[in-house]
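2 protein chains.
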Amino acid sequence: MSAATPQHIMQLGMGFWASKTVLSAVELGVFSTLANAPADLPTLQRKLALHQRSARDFLDALVALKLLERKNGIYSNAAETDLFLDRAKPTYVGGFLEMANARLYGFWGSLTEALRTGKLQNEGKGGEDFFAAVYAEPDRLRGFLAAMSAISAGTAHAIAANFPWEDYKTFMDLGSAQGMVPATLARAHIHLSGIGFDLPSVKPVFEEFIAHQGMSDRVRFQAGNFFEDILPKADVIVMGHILHDWDLAQKKVLLGKAFDALPKGGAVIVYDAIIDDDRRENAFGLLMSLNMLIESRGGFDYTGEDCQAWMREAGFSKTRVEPLVGPESMVIGLK
Amino acid sequence: MSAATPQHIMQLGMGFWASKTVLSAVELGVFSTLANAPADLPTLQRKLALHQRSARDFLDALVALKLLERKNGIYSNAAETDLFLDRAKPTYVGGFLEMANARLYGFWGSLTEALRTGKLQNEGKGGEDFFAAVYAEPDRLRGFLAAMSAISAGTAHAIAANFPWEDYKTFMDLGSAQGMVPATLARAHIHLSGIGFDLPSVKPVFEEFIAHQGMSDRVRFQAGNFFEDILPKADVIVMGHILHDWDLAQKKVLLGKAFDALPKGGAVIVYDAIIDDDRRENAFGLLMSLNMLIESRGGFDYTGEDCQAWMREAGFSKTRVEPLVGPESMVIGLK
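Going down the list, the sequences are from chains F and S.
In this text, residue positions in the first sequence follow numbering that gives the first Met the number 0: the first is 0, and each later residue adds one.
In this text, residue positions in the second sequence follow numbering that gives the first Met the number 0: the first is 0, and each later residue adds one.
Treat the hints loosely; a few may be bogus.
Below 27 Å or equal to it, Euclidean Cα-Cα: the simulated DSS-like pairs (lysine-lysine) are [stated by the list, open to error]:
id, chain 1, residue 1, chain 2, residue 2
1, F, K202, F, K256
2, F, K251, F, K168
3, F, K168, F, K256
4, F, K70, F, K88
5, F, K65, S, K65
6, F, K118, F, K88
7, S, K46, F, K118
8, F, K256, F, K317
9, S, K118, F, K46
Stretch-level coverage of chain F by chain S, calculated; a stretch enters the list once three of its residues show a Cβ under 8 Å from a Cβ in chain S [what the hints assert, rightly or not]:
id, segment
10, 14 to 25
11, 104 to 112
12, 305 to 314
Bear in mind the hints are in silico, worked out from the structure with no lab data behind them.
Just so it is clear, CB atoms sit at the ideal spot from N, CA and C, and this is done for glycine as well.
Bound-form chain F, shown alone (with noise of 0.2 Å):
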């Protein structure tokens, strides 16, 4: 035996058990009930209807994950945890991996099958239209958009900060789900005024969370579908996690619809998890590809030099890519 080990290996196969651990930890409401106070195993263990056999070898694997302290027995949230995954602070990005643990573990188990046969694993496997399910049933649209808006909050803030906002008075948000980019916008330059832009059924959550926010001056909804209708006109458009979610062709669609929306001199803003232009450096945009392998008919995550080459097509006269946050960069096109 050499030296070689297959540790890095092994950590990586069975991540599903550090990853699943989290994910019912965020189910059980670990963080958000030790946010109001830390406690004490017996206390958590009957807060969370925990039994009694696994009870301290799940907190202390938290502890051991660093996502949780434990001091004298006591247990208590570790600081990004207490900002990230509870429940009552503005800052909660537990939606997504609620998502997750209630949607995507299960329909990534079929991963082999769909790299063999190229088809989506999720509620749409039966046939049904995911998003049409999803954006049919109340409960189960807020709590999709709610997700949306856990992965888009840091991303929201970046794209805030790193664009030339003061060269532009309107934007439109395409796919705006709750509205956290069009809030984070609003807030972050009192100048700008905008419009979230989705589903008829999105309406009364984006306009709760957008009056929640205190920006209702400035930030309304407009209702439509972006393959079907004519796109709002605006200085900006923003198109955050929503290319990837389509094929090729549609994706053409969107960023053409895009262009004819914006005046001269206006700006697109497309954000993903864009995948570095070599393909070798990016594995949570390459995952999330995957991911759209198992959530759609035709999604796929892409590269930067991939989107500015659609967007030149589309009419765009410069691109550029900028990063954002952990994998996230935004591709810029100027009309």
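With the hints as your guide, set chain S onto chain F.
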């Protein structure tokens, strides 16, 4: 917003994406295929029967996860991948990952239920006994035993190297499975001879493996049930990945029977992913204990301190803990 980001949380929570991608790659034979010959995308797509939609994303994700390399469009195994994930090599550890892919990934989907009820979530959920079921079907048994060898290989070498074997002549491996530990000990120390002890149905698999390893002259199989039968006598008794399968009373029974089967001066070596005494470092050991929740009626992993206390209670006069490989340690008890 502070500089805090939810990156660590999201990466951990969504870790099942990378994990399942690796598990599917093992299932599809990506690494065994590339061990024979590096190949470009169209060749791999054909050889692995991958649909074209996501074949490239899948392979590039494995590049980004450092399991594959890609040069001028030709994919090849990374060095460790080639050593540990090529089915044709004796160093293959994919057996455990195959088992995880076929069984554990799905069962872990019910972790929340397990935590709430304290009940196992595997084949035994319907009342079937897991070991009885696995041991009754030759193909399933072979797969399970190969998986056990896979996770014991590195550890077996460490045990061969880090114990004063020169002081002993015979050993017995309790719950030997295929015989990875007996074969490794016998090869490393030519003065040793030993017994693999396991259920009768393991016999042909054990004898084939030991013959293949060229160790049949010094390693023999003895069939038995370690709860019902008297254990064969030996200078050293090894129990690897055995004790964690059972509840506290059963653990103590096994240590007591080992004590009875040893001569004065004999030793028991217990190894598992032993949890650190403070229960805050060995995440894998704590997660393995949750895996025992999923897989067994009363099993759990334990700290070195726990195990030493049980050994002293069984009559062992001296005990110590020694690290092995990665998350694994051994607890040694001297009679």
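Requested in this report: Taking the numbered hints from earlier one at a time, note which ones the structure violates and give those numbers from smallest to largest.
Outcome: 6 and 12
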